[in-house]
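Construct the entire structure; sequences and hints are all you get.
The chain contents come next:
Number of protein chains: 2
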Amino acid sequence: MSPSSLLSSTATGEALTPQDLGVGARFTVGVMADDFAGIILAALRGADAADLDVQTDPVSTLVRGSEQRVLEYITAVVAGAARSGRHVTASILLSRGCPGEVTCTVTPGLLAGATEVPDLPATGIHASAHWSLYPLDDTGRPGEAPDHLRDIYAAIEYAKERGTYVRGEHYATLLEGDLADVLATVAAGWVLVGRSVQHVTSHAVISIASPREV
Amino acid sequence: MSPSSLLSSTATGEALTPQDLGVGARFTVGVMADDFAGIILAALRGADAADLDVQTDPVSTLVRGSEQRVLEYITAVVAGAARSGRHVTASILLSRGCPGEVTCTVTPGLLAGATEVPDLPATGIHASAHWSLYPLDDTGRPGEAPDHLRDIYAAIEYAKERGTYVRGEHYATLLEGDLADVLATVAAGWVLVGRSVQHVTSHAVISIASPREV
Numbered sequence: 001m002s003p004s005s006l007l008s009s010t011a012t013g014e015a016l017t018p019q020d021l022g023v024g025a026r027f028t029v030g031v032m033a034d035d036f037a038g039i040i041l042a043a044l045r046g047a048d049a050a051d052l053d054v055q056t057d058p059v060s061t062l063v064r065g066s067e068q069r070v071l072e073y074i075t076a077v078v079a080g081a082a083r084s085g086r087h088v089t090a091s092i093l094l095s096r097g098c099p100g101e102v103t104c105t106v107t108p109g110l111l112a113g114a115t116e117v118p119d120l121p122a123t124g125i126h127a128s129a130h131w132s133l134y135p136l137d138d139t140g141r142p143g144e145a146p147d148h149l150r151d152i153y154a155a156i157e158y159a160k161e162r163g164t165y166v167r168g169e170h171y172a173t174l175l176e177g178d179l180a181d182v183l184a185t186v187a188a189g190w191v192l193v194g195r196s197v198q199h200v201t202s203h204a205v206i207s208i209a210s211p212r213e214v
Numbered sequence: 001m002s003p004s005s006l007l008s009s010t011a012t013g014e015a016l017t018p019q020d021l022g023v024g025a026r027f028t029v030g031v032m033a034d035d036f037a038g039i040i041l042a043a044l045r046g047a048d049a050a051d052l053d054v055q056t057d058p059v060s061t062l063v064r065g066s067e068q069r070v071l072e073y074i075t076a077v078v079a080g081a082a083r084s085g086r087h088v089t090a091s092i093l094l095s096r097g098c099p100g101e102v103t104c105t106v107t108p109g110l111l112a113g114a115t116e117v118p119d120l121p122a123t124g125i126h127a128s129a130h131w132s133l134y135p136l137d138d139t140g141r142p143g144e145a146p147d148h149l150r151d152i153y154a155a156i157e158y159a160k161e162r163g164t165y166v167r168g169e170h171y172a173t174l175l176e177g178d179l180a181d182v183l184a185t186v187a188a189g190w191v192l193v194g195r196s197v198q199h200v201t202s203h204a205v206i207s208i209a210s211p212r213e214v
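Line by line, the protein sequences give chains A and B.
The numbering used here puts the first sequence at residues 1 to 214.
The numbering used here puts the second sequence at residues 1 to 214.
Check the hints yourself; a few may be wrong.
Derived CB-CB ranges, DEER-like [stated by the list, open to error]:
1) A:163 / B:154: 35 to 45 Å
2) A:147 / B:142: 34 to 44 Å
3) A:20 / B:142: 34 to 44 Å
4) A:211 / B:54: 44 to 54 Å
5) A:35 / B:126: 16 to 26 Å
6) A:167 / B:19: 47 to 57 Å
7) A:139 / B:121: 39 to 49 Å
8) B:142 / A:51: 44 to 54 Å
9) B:195 / A:55: 28 to 38 Å
These aren't lab readings, by the way, just hints derived from the structure by calculation.
Don't be surprised by glycine CBs; every beta carbon is placed ideally from N, CA and C.
So this is what it looks like as C-alpha cells:
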C-alpha cells in the first residue's frame, strides 16, 4: 500500500481528506502601506486556490488541503504581497491532527500520511523568520516517553542541512533565505514531527524588506 | 513563604529572575500605513520599558520580565500603534519554562511562581484575536499522564468566564473584546497552565480596525 493510499483511506475504505486529518493553516499578511487592502486582495486573487478550502475573516485566512498545496498557496500570497516592494509581515500557523476546535482523536492513517515535505520553487524574495515548532505529544512513541525537544532538535538539524538556520534565539529559531526555503523549512519540521506525533503545529512570523535590514 | 519568594529564590537562596525562568515574549506589530515606521517607533517610545529587557530586531521585539510587566508593555505598544487609527495586526508569543533556545531543564520554583494573572486596565480599543495555547508537557502531573487538551479546555473555560471567548475555529480560538481583556485572556491561559507544566507557550494574532469589520 502506498503512503498516499494510507493517507486517503481507513480500514473500512472510507476516504479521508486533509480536512478530516486536520491538515491546514491560518495566516495573516501585513503590508505596511496605505494601499494595503488593494495589495493583499491582489495577492489573494493571484494565488491558485483550486482544490483548496480558503476562508478569510477579519483576523486570518484559513486554508485547508494537502501539505504541498497549502504551502504553495501561502507562498504565492506572501510573495505576491512582497512584490509590492513594501515591508511585509506574515504570521503563519500550520496545524495537523486536530480537526475542529480542540478535538484530537487519534485518526487512522494520520502518521503514515505525513510523508510529503513540500517542494516550493524559489521566489527570489529574501525573508527572515522567527519559527516555533510544537509537538503536542501525550503518549510518546512505542516504548518511549514523550519528549517534545527530541522532535524539535531533529527539525533544527533539518533546517541546518537546508541552510536556512541562522541561530536559536529566546523562544524561537531565526531562519533566513529565499521565502520559499524559509516556508519549506517551517513546513518540513511540521511534516517530520507529524510522522510520530498526532497533534503538531508550526508557527512562524515572517519579515520581508524590514527597514531595519534594508 | 509567599508565592513571590518561591518565584525569586531557590533552595540555595540564589535569586531567580523572570529571565532565568524563561518568562517573556516576542511580538511583531504591523501598521497598514505608509508611515508605519514612525507610528511603531512612537508606540515603542511611549511604552514604559523600565525594569524590562527589550530588544528589537528585523523580525520581532523580545521583551523579558515579570508576566505583569511584559503584558503591560505589549498592551501599551499595540494600543499606541492602534491609536493611529490605522488597521493594526500584532503577532504575540508568550513563553515560559525554556530560557535560551531549546533547553528546558526543570527549574525549582517555576511552577509555584506562576501565580499572577496579569491585570490590565481597559484601553478602549476593540480587538479580535486567533489564540493558540500549547502546554508542552512530557511528564504529566503526579499520578496523571500528560493531557495537553485538559489544560487547553481549562483555559477556554476561563475565557468564557471573562467574556472574551467567541468560538472555537479550526486551529485557534476566536477572542473579541477590549484589547486589554483579549491580551489578559491570552496571558491567563499561559499562567494557569504554567502552574502544572514546565514549558508552555501562548500564541495570538491580534487584529484591530480591519476593513473587513469596520
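Now the hints, each set against the structure:
1. A:163 / B:154: 35 to 45 Å: holds, 41 Å
2. A:147 / B:142: 34 to 44 Å: violated, 19 Å
3. A:20 / B:142: 34 to 44 Å: With Cβ atoms ~36 Å apart, the hint holds.
4. A:211 / B:54: 44 to 54 Å: violated, 18 Å
5. A:35 / B:126: 16 to 26 Å: For residue 35 of chain A and residue 126 of chain B the Cβ distance comes to about 24 Å; the hint holds.
6. A:167 / B:19: 47 to 57 Å: violated, 18 Å
7. A:139 / B:121: 39 to 49 Å: holds, 43 Å
8. B:142 / A:51: 44 to 54 Å: holds, 48 Å
9. B:195 / A:55: 28 to 38 Å: With Cβ atoms ~36 Å apart, the hint holds.
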